[in-house]
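Quick note, the sequences are listed as chains A and B, same order.
In this text, residue positions in the first sequence follow numbering that gives the first Met the number 0: the first is 0, and each later residue adds one.
In this text, residue positions in the second sequence follow numbering that gives the first Met the number 0: the first is 0, and each later residue adds one.
Hints listed in this document are in silico derivations from the structure and should not be mistaken for laboratory results.
None of these values were measured; they are calculated from a predicted model.
Errors might be hidden in some of the hints.
Below, computed lysine-lysine pairings styled on DSS-like, alpha-carbon distance capped at 30 angstroms [claimed, not checked]:
id, chain 1, residue 1, chain 2, residue 2
1, A, Lys26, B, Lys69
2, B, Lys225, B, Lys2
3, A, Lys12, A, Lys165
4, A, Lys43, B, Lys69
5, A, Lys33, B, Lys12
6, A, Lys26, A, Lys101
7, A, Lys101, B, Lys76
8, B, Lys76, A, Lys26
Number of protein chains: 2
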Amino acid sequence: MNKKELINQIKQKQSFLCIGLDTDITKIPQYLLKEDDPIFEFNKQIIDATKDLCVAYKPNIAFYETMGAKGWESLQKTIDYIPNEIFTIADAKRGDIGNTSKMYAKAFFETLNFDSITVAPYMGEDSVKPFLDSDNYRNDNKWVILLALTSNKGADDFQFFDNGEKKLFQQVLEQSKQWGNDENLMYVVGATRPEMLKEIRKIVPNSFLLVPGVGAQGGSLQEVCKYGLNNDVGLLVNSSRGIIYAGNDENFATSARNAALSIQTEMASLLSEIGN
Amino acid sequence: MNKKELINQIKQKQSFLCIGLDTDITKIPQYLLKEDDPIFEFNKQIIDATKDLCVAYKPNIAFYETMGAKGWESLQKTIDYIPNEIFTIADAKRGDIGNTSKMYAKAFFETLNFDSITVAPYMGEDSVKPFLDSDNYRNDNKWVILLALTSNKGADDFQFFDNGEKKLFQQVLEQSKQWGNDENLMYVVGATRPEMLKEIRKIVPNSFLLVPGVGAQGGSLQEVCKYGLNNDVGLLVNSSRGIIYAGNDENFATSARNAALSIQTEMASLLSEIGN
Chain A
0 MNKKELINQI
10 KQKQSFLCIG
20 LDTDITKIPQ
30 YLLKEDDPIF
40 EFNKQIIDAT
50 KDLCVAYKPN
60 IAFYETMGAK
70 GWESLQKTID
80 YIPNEIFTIA
90 DAKRGDIGNT
100 SKMYAKAFFE
110 TLNFDSITVA
120 PYMGEDSVKP
130 FLDSDNYRND
140 NKWVILLALT
150 SNKGADDFQF
160 FDNGEKKLFQ
170 QVLEQSKQWG
180 NDENLMYVVG
190 ATRPEMLKEI
200 RKIVPNSFLL
210 VPGVGAQGGS
220 LQEVCKYGLN
230 NDVGLLVNSS
240 RGIIYAGNDE
250 NFATSARNAA
260 LSIQTEMASL
270 LSEIGN
Chain B
0 MNKKELINQI
10 KQKQSFLCIG
20 LDTDITKIPQ
30 YLLKEDDPIF
40 EFNKQIIDAT
50 KDLCVAYKPN
60 IAFYETMGAK
70 GWESLQKTID
80 YIPNEIFTIA
90 DAKRGDIGNT
100 SKMYAKAFFE
110 TLNFDSITVA
120 PYMGEDSVKP
130 FLDSDNYRND
140 NKWVILLALT
150 SNKGADDFQF
160 FDNGEKKLFQ
170 QVLEQSKQWG
180 NDENLMYVVG
190 ATRPEMLKEI
200 RKIVPNSFLL
210 VPGVGAQGGS
220 LQEVCKYGLN
230 NDVGLLVNSS
240 RGIIYAGNDE
250 NFATSARNAA
260 LSIQTEMASL
270 LSEIGN
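Chain A with its partners taken away, still in its complex shape (with noise of 0.2 angstroms):
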């Protein structure tokens, strides 16, 4: 998907919301236990529910990944259903040398057919370039969603580290600005410091962020917006536990629906606020 669609799906559906699929099997409703694939059950029911409220869902890898070979059956039987106008995100945190990347490219935009997958950004360039550089990623609008500020405590530890001009977070912002651009390459920005996205705004206007930490983590969407809106809306903002686990029971999919219509009923306000 390329950015124009992006944006025109969010207009059209007065939406920037993310779901993140962070399914896990202790924590689904029981009931679901009898049918073969209860990972793609609940999952097929939360996008049955939501799909008209939300512009992306965002597979958690880890939580697949929990349940082995079947696990990415279940994970490749989601992205086979989930449909094609809603972006698609592999929250899978890769980054490795050059040639690894190119086989985590190969597995989330080949074989999986996402449309981008969220990238750490430890081992720089080359680890970041396999996923942005192919003319195929390229012709197919491919997009890698580069961790610049994550919405954890322990962002703190190196993510803050000052060279004296700048902090880290702020290089991988700059720097990586040299290795794509806003067609192709998006930043995951946490919601629990909207204070930075004022920052952040000025290094990359034109980017989507991806806003994890509104709901379980903490994250006000109204500060998240302030500071992070910009003319594009530019915002992907993610609630995963809020809504998928929003009840437990047979009508956990209302329940679902209803926590992820509160939230794009508060989005749309916010977009007619500035004119969208």
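Chain B: place on chain A using the hints.
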């Protein structure tokens, strides 16, 4: 596997060789493609031919993920096939917020029963701790192998980011010492920068270092040993492509053995020089 057992293996085999199982369906001998599971069949023959010469195997998870669910089956069979006395490393470069890292730990330490996993430090303490903290993992002698200074060109981009007192990779080493110890935490240090090993040994004198980059990436074993060996040996030196793709015909396993034997012989000689 605990540290003492690992050291005993090294002394017994006169080897600190780790063999990287970067098994690529497009690079293995063509005649294996008629097998039900060519990836596992290749790994099996490599393991049979080299298990007396190395102390660790390191499957590179990216290569298995390109094959989807089938790749995870090959990976599961491979890890089950590796003899118990050989240390196993999931080269996965994972790292995410706490509840997600916990799921990765479950995937690699429980579902797949690896002894260790490589972890990227960008997200800080709470992204690494779930791999270390569980009483289970401590009792089971599971290890984190944290990226410090990697072997690729892109290591220059952020790992040398300098706050005036130290570089980022030095900060990673120093700070992570508070999260674990030399009984459950190792570090990745690339062979392509052997001169840095001297500095690194000042910070982590007793820790094991996993050293990739000898062979295809150009690092020298002698240089690595000169600066990296400690009283417990303290090194696992990895070779992947140089061993597993040493041959490409029906004698590929013998070719791999010869390549491994050549490195092990050099290692035995280096160990005898320091009286091990």
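Hints, verified against the model:
1. Using a Cα cut-off of 30 angstroms, the hinted pair A:Lys26 and B:Lys69 holds, with the two alpha carbons roughly 26 angstroms apart.
2. Between B:Lys225 and B:Lys2 the alpha-carbon distance is near 22 angstroms, which keeps this suggested pair within the 30 angstroms criterion.
3. Pair hint A:Lys12 plus A:Lys165 does not hold up; C-alpha atoms about 38 angstroms apart against a cutoff of 30 angstroms.
4. Restraint check for A:Lys43 and B:Lys69: the C-alpha separation of about 22 angstroms stays at or below 30 angstroms, so the hint holds.
5. With a C-alpha separation of about 50 angstroms, the suggested pairing of A:Lys33 with B:Lys12 is violated against the 30 angstroms cut-off.
6. Between the alpha carbons of A:Lys26 and A:Lys101 the distance comes to roughly 34 angstroms, so the proposed pair goes past 30 angstroms and is violated.
7. Our distance criterion of 30 angstroms between C-alpha atoms is met by A:Lys101 and B:Lys76, whose separation comes to about 24 angstroms.
8. In summary, the hint linking B:Lys76 to A:Lys26 is supported, as the alpha carbons are separated by about 28 angstroms, within the 30 angstroms threshold.
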